[in-house]
Structures are given as C-alpha cells and as structure tokens.
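Q: The residues making up each chain are set out below.
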Amino acid sequence: MYKIKILTIFLVLTVFMGSITAQETTLTRDKVLSMTTEELSALSLDDLMAAIDVVGVSSLEELYELLLNKDVTSASKSEESLFDSPLSTTVLSHDQILASGATSIEEALRLVPGVIVREKTNGNYDVHIRGNDNLPAKNMILYSENMNTLVMINGRPVFNYSHGGTLWETLPVSFEDIDRIEVVRGGASALYGPNALSGVINIITQTITDDSPIVSGNFQGGSLSTYLGDVAFRKKLSDKISVGLSANYETRNRERDDILIYDRGGSQYSLDGNPVDPGYFSRDEISRMYNGSLPLWPPYDVKGETYDVYKSYPDPDQSKERMGVNGYVDIMPGENTTINIMAGHQQSQALTSSMGDVPSPYATKTASTSYVDLRAQHKNFSLQANYNGGTIDYMAGNEGFELDNVQYNIQAEYDWNLGRVSIRPGVSYQSISYDDTEHIAEIGNGYLNKKQTINILAGSARVDYKATDNLRFVAALRAEKYDVPDDVYGSWQFVGSYKINDNNLLRAVYSRANQSSFLVNAYSNYTWNIVNLEFPRIMQFDGNKEHKLKTMDLFELGYRSRPTKNLLLDIEAFYTISKDLGALMPQSTSLAVFNPLDVAQGVAMPDVNGIVNILYQNMDLVAKQMGLTASLDWVISEKLVANGNITVQQTKLDNYFALNRNEVIGHQAGVLQTDPDLVAKIGQAVTDYATGVIGGTIDPTVQTYALVSTSSSIPDVAQNDYEHKSTPSYFGALSLTYRPIKKLEILPQAYYYGEQMFENQYSTEKIEGKFLLNAKVSYKVTDKLSVYVNGRNILNQKQREFAYMDEIPAMFLGGLHFKF
Amino acid sequence: MSLVLLLGAGYSHVKGQSATFKALFLFNFTKNVEWPPEANGEDLIITVVGDSEITAELQKIAKVKKAGSKTIKVESVKNINDVGTSHIIFLGSTKSSLMQSLSAAQKGKPVLIVADKSGMWKQGAGISFLTSNGKLRYEIHLGNIEANKLHVTQKLISLGIQVQ
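These protein sequence lines are chains S and X, in that order. Take the first sequence: its letter number 245 is residue 245 in our numbering, and every next letter is one higher. Take the second sequence: its letter number 142 is residue 142 in our numbering, and every next letter is one higher.
Quick caveat, the hints were computed from the structure, so don't treat them as lab data. Treat the hints with caution; some may be incorrect.
As the list claims (entries may be wrong) - Here are the simulated DSS-like cross-link-like pairs (lysine-lysine), alpha carbons at most 27 Å apart as the crow flies:
(1) X:Lys78 / S:Lys31
(2) X:Lys31 / S:Lys31
(3) X:Lys122 / S:Lys235
(4) S:Lys481 / S:Lys579
(5) X:Lys109 / X:Lys78
(6) X:Lys78 / X:Lys122
(7) X:Lys60 / S:Lys31
Here the structure is a predicted model, which is why all the values come from computation and not from measurement.
Sequences are here, hints too, so could you generate the full structure?
A: Okay, here's the thing in structure tokens:
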C-alpha cells in the first residue's frame, strides 16, 4: 500500500512537471516560422537561440556545409576552405568514413579521388596516389610498396625509412581517433619534407571540445572471422585542459591457410620426392619440399631459436591482427598558447606481400612500436617534436629482417601574417636509426649489421601572396641537407590560383619533390648464402651512400566549380616526370670454385657456382605520367547524396630496362661460361688459392672459395616510350547515400579499376579489372546508438587485386556505433 | 553532365532559414557589443562581403529595427578593398580565403569581424558561425575582439563557444 502511494505521488508529480515543461516549451517550429522579422528581432540573444534551435538548420543546408564546404589544413599548413585550396585536395570526414562502411583507414581511402587501393589479403592493402607504382619494374615486390606518399598523423610522419613505404597495419589510431583524413595530391616535399612525391595523406585526430562525446565506439564482426572495434573516451576537464584515451583492436582471417610457392625462374619443386608445380601448400608440405636437390625452406638456428617455415608463417590462416592505445592531453595555458601531447603504442602482425626474396610472395610482418608527439603553438609560432620507436620484423623467420628503430623529428615554423602576404619560414631536423644487431646470430647475418642512421636538416619558407581578392600566388621552397648521401636537395612548389568568381576557381601548380634516403638503399651490407636455389651460391647486397635521390616534377592544372549550391565539381590534369629511380640490381656476377682445397688435393671435381654482387644503383629510367581526375559531389536532396570520381592515366617509360634481376645474372653468367679460357681460369684460380693458403695470405676458414672470373656486362636493351601498366589506366569510385527516413541510411558504394600488368623479377602477372560493390545499411536506434549491417565486395568478385596475393571473397559484417 | 547540372539547378532554389537566422544573430550582436567612443556615428554600419542572402535579410531588419538609437545601414561589397568604415563586417563563406587579408586591414580598428565559417578565429575573426548537430552556433574569440577595442557582454560570451 505504501508503495502504491509513492507510485501515485510520483505519477502525479510527473504529469504535473510534464505540464509545466510543456507550458515552458510551447515555442513550436510553426510558431517561430510565423513570427515577423520585427518580432524575431525583438528577442534577446538567448531567446533567439532557443527559437532558432526549435526550427533547426535545415538538413539540406547542413549537408551542403558538411559535404561541399569543408575546411582543409594540409594544403597550405593553415586552415582554409577546401574550395579555395590551390592544390588538388580531398577531405574525408569522420562521419563520411563511418557511413561508408570502410573497415580500415586504407579502405576508406577508396573514397578519395586519384587514390588506387588494392587489397592484398583481408585487411591489408596497397595504397597509391595516382600510380607510378612498381617502379623500377621487374624487381622484388618491395618496389611495389608506395615510397612516393608521405602518410602522417597530425603532421607526424609514419613512414618506413628502412625500406620506404608505409606499414599501414602499424598505425596506432583507428576511426574513433580520427576527425578527418586530408589527402593532397601532387608533390608536397616543399611543405612536408621528403617522400611527399605523389602527395600526402594527413590523418587528423579529434579535437576535444565541450560538445565531444564522453565515450564513443564502433564494433563490428562477421565473415572471415573479422572482428574490429575501437573506443574513445574524452573529457574537457576545464577551459585549460582536456584529456582523451582510445583503444582499438582488429583481427581478420584469410579464406585459406596455405601459402603460395611461386616459380622463381626454372624452379623444379618436389614434395616427398614427387614433382609438383608451383602453387599453394601447407606449412607442413613446404617444410618437406625441395627445389631441385635443395630443401626449399630449410630450418636454421638464430640465437637458440629455430627459423623455419613455421616461424615465417606463425598464423597462416590469419591475415591481420593489430591493437593500439593512444592518450591525448590538450593544454591551453594562456589565451594564445596551446599544447597538444599525444602518445601511444601499437602491436601488429600482418600476412601480406614480401619485402625480400623468398620462395613465397607472402611474408609475415610483426611490429611493436610506441610514439610521443608534442605540438605547441604560441601565437604564430608552432613547434612539433616527436619520437617513434620499437621493433619491426619485416619478414618473420628470415634472419636479418628484424630491426629496432628510433626516429626523432623536430620542426619549428613561424606564420608571419602581413595581410595580403603571409610568410612561413621553418626549420626541421630528422634523425632516423635502425639497428639489427640484437636480432642476428652474428655480425654479417643482417643487412645493416650495426646501428645505422640517416640525418636530415632542412630549412624552408612558404610565401602566400593574395595579389587581389581573386588572384593568389604561393611559392614554397625547401632545402634538405642529408648526411647520406652527403648532399643538399631542393624541393619547391609554385602555385597560382584565380577565382573567376565565388563559384569557379582555376589553379596551376609546378612542383618538385624528392624521396629521402632509405637505410636499405644507403647501408645494405647483406651476404645471402643461398640454400634453396641452384644458382648462384652467394648474393651480396650492398647499399650505396652516393646514390641520387629520386625526384618527381609535377605540372598540374585544376578547375573547381560550384555551379549550383548543391554541386561541387573538381577536375585536375597532371603530368609528372620521375627521375633518378634506383634499385638493388646486379653489378657483377662472378664464377668461383667452392671446394678449392679438395680440387687442389685432387679428391674432387671443381664445384663451380656463382657469386652475385647486388648494388643499389640509380637507373637511367625516366617515368612520365599523364592523367586526369574528375570528381563530383552532389547533394540531390535531403534524402539522396551522390559522389563519384574517375582517374584516367597513362605512364610511359624512357630508358626502360626490360630485363629482370635474374636475366641480368643469367646474361653475366652466360658471358663467363662461354669464355673459351674458362677451364684454364678455373685451374689457375685453384692454383692461386692453394698457393695463398700455403703462403698464409688466404685463410681458408674465411675465404672459402676461389674466384675464377667476373663479368659486369649489362645488355643494351633499354627501350623508350614503353607503356608501364602497373597502374590501371582508369580507376575510381561511386557512392550513393540514401536516407529514406531520418533514422535509416543506405549507402551503396562501388570501387572500380581497369586491367593492369604487374612486372615482377620472376614473372609478369595480369590483373583483371574489377568492380567492387559494397553496401552499408545503418539504423539510428537513438541519437546515440546506431546498428548496421555492412557488406564488402557483395558481388563476391574474387579475382586478385594485387599480384600473387589472396583472392578475397565477399564479406558480411554486423555492428554498432555509439556515442554518449 | 548537362543533365546533372539541370537536376542540380532544380534543387538550387531550396533555401534554409540559416541566412535569416545569421542576420538576426548579427543584429543581436549589436545589443551585446560596446564600441569605443571613436566608433560613434549616426549610423551603425554592417558591411557584408560576398553574401547577397545575408544582405537581403539584414536589410529587412534594418527597415524595422534600430541598433539602440542608431539607424542600421547595410553595405554590400564584393571585394575587401571596398570595405569602408564599419561597426560589423560579415565575411561570406565563399570569401573566407580573404579573412587573413581582411583582419590585417582592419587591425586595431573598432570593428567586429564575423565569419560565416568555423575556425576563422585563427585568422582574425571575432565571431565565426558554425553548424553543430543541426543547430546554428557561433565561436567567439575574445582576444581578436578585444584587440579591436571592443567589449562584449557576458551573455554573448557564455552563449557562444569560446575558442582560444
């Protein structure tokens, strides 16, 4: 009875309070809309805001704002309207990324015009801006890594200076960290330093404000045992300090758990004594396979641990597993000062394309890295300093590929605003060290064999001159002093833009950007004692401290138009010239007797085999790319938004060297083997060796072979005007966002590309064109919770997107997104 | 493409209320800003750079309301070189690239610079409009406002999003 009384009182009070609330909020949308200008003008500021809130900003206007009037920072290093950006620029917002159903940052980049994204294994991608990929061709798969694009998180480079490229799985952030991704196409070394040849991808994290949700998260799971999720906590503690914490986890499986063993040029594989063709094999089978008379994947010991096929592929059924944690502290000690500190850690394992030369195109990469990034701004002065370090194994189970790395970057800039002219001088210093000594059994087994460092000191200046309200000129210059190579490199960017009127903008760009030095190119000192190929017996890989750094010149014309309020059209035509490309290529091939003492003693016939010296060397190759990208964003109605883009391109090569590494070795070996004096030279080499041993000038435990003869002959096979087809001649994306009711969003999205040819050192693989259809359907249960189903590649187009890699089937996931 | 443009044009007539609301905000700011004596004059001048919709809405207000005892005079210009002495300058979103030049030209003058794009306080705006969760809001940067010798009411500060 007592409970009923309490309940009655509660209900009465609720109804009473409800009626009071109803009286207080009698301001309705219709009432506000019927008010005259005079009546609205009479309202106080707080009443006016209440009235405006009742009506709200129309969904359509909000869509215009969100999709067509974005801001961008990366194009000029200061915030500006995307429409006014003088460079080819795209911004992907957090909401766009989530709505698209992309399951990774790399996949989200499929929405960006001019970006070619190919999936290698479930969740592992190749990402290139505009192309120029797999150059020089006919080489290791390593050269297909994107060494032309600088990926950054809040301006902090997350670049692999060991081999070049970006290890996407090692990025510590995920969707809930990200406010937006800014992509600038075209050389930007003058602004961001080396490796921004084809552009920059800058991942910008969320700013913590009063409106930030305290907690937000995204979780989804589905086929191929794919589960991914992240959660972020944020709190503005006071006007002076905000804190945040995020964590993410992702795991994905492959459709198969066997590994491709490919033909490395005349391979004669057998399994349990029976000849077999190249193809997919289990780890157990690989461990029992032979190539000719040699075991295919023989085990060996490294510091008491067995390196074998099981170490190389610890989880052959798993394509990716990664986790990351990030902490944020934003401090505003004074009105004109902000300090942002971000720190985190990530661990990852990815089964993806190999960076070395093993019987399989697959390799497992593992990484455990941490970082601290400090950004400070006081009035017009900005400072950024960061550390990134940890251990990365680029090819698990292969001695010499596991390295400890430490990177420090510091840069200071001053934004000097003189009205129509602003000048931004800056200085920066990078120090990048890699060290393999902790992970090799003995010095000589690694490719560095010590701690090696590259230091880069740079000075830069950017002048932005608005000659009139419509005419703008930008000149950016940067000079970089490298210690290896010991040289100064200049990069620049000259930009002009003319705003014909508020809705039409023309732009023109000429820029030069350069690659940095990479540890493998400068310092390689790796002796590969080959145990699973008949020829050669030894390959010696050497870096070259005097090599020239690759440069890319860009000429670009762009036109951006907003013909109506709901339509944004962007067209860019580009022409690039890349020079001073380089690769680890054969310098010479030698024949040697590998049992000279036995031969000298007359107990054996000469065991003659090859020694190949591979040197990082520049090539005469010149790559010329011409292309055009067009994109359209169209808010058709409050319920329907369409986006589309296409890139067409052609890449031509001059001084294209049509032979692969093995063909050069074969040519040099042929020169040696057809030498009519070869037999005499073998005899002389054995005699000289025996004499040296007896005389004490040769230590047979160190110098185990007798050198017979050497050839450095390079066939003259250079071709001009050769069409390079590693990048599809066309690619792009289409998407529709349909909201039939406010709570429901249906987003079909397609990514497409044409045929391509991948030229590898062992073979050329044709990749068919593809039309990938994805779709995400989201239902907003409340303003704070959405549930969704997400289909990727729903037409189940399984053909490979990247040479030798997995054929990936359709994937279906279910998930939820929340923010409180 | 012509079909796309035609369809796009068909929807371009759709207009929201935001121009009206922004104009009402601008008028309301006049009640919450104190200009220094040297800025006194017979009229309160609001100059709009590159936004005909806001200009039209402000002119409607100017016909029926005064800013205190002053007549509201609305000027519309396309270029920042044409901006004359003003109490408030509103920079339309399509002109936001000119904010840095505008704020440099108006430095130290008793004028409230209002931008139609968020984040413009970094380039000198005192107040910048933004849309957040379907609601029209404004960022307010006291440093930029006070540098132009203006004082604002606590209400204007508290109802806005203070940035620094």
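Q: State for each hint whether it applies.
A: Consistency of the hints with the structure:
no., hint, in the structure
1, X:Lys78 / S:Lys31, "35 Å, violated"
2, X:Lys31 / S:Lys31, "24 Å, holds"
3, X:Lys122 / S:Lys235, "23 Å, holds"
4, S:Lys481 / S:Lys579, "19 Å, holds"
5, X:Lys109 / X:Lys78, "20 Å, holds"
6, X:Lys78 / X:Lys122, "22 Å, holds"
7, X:Lys60 / S:Lys31, "19 Å, holds"
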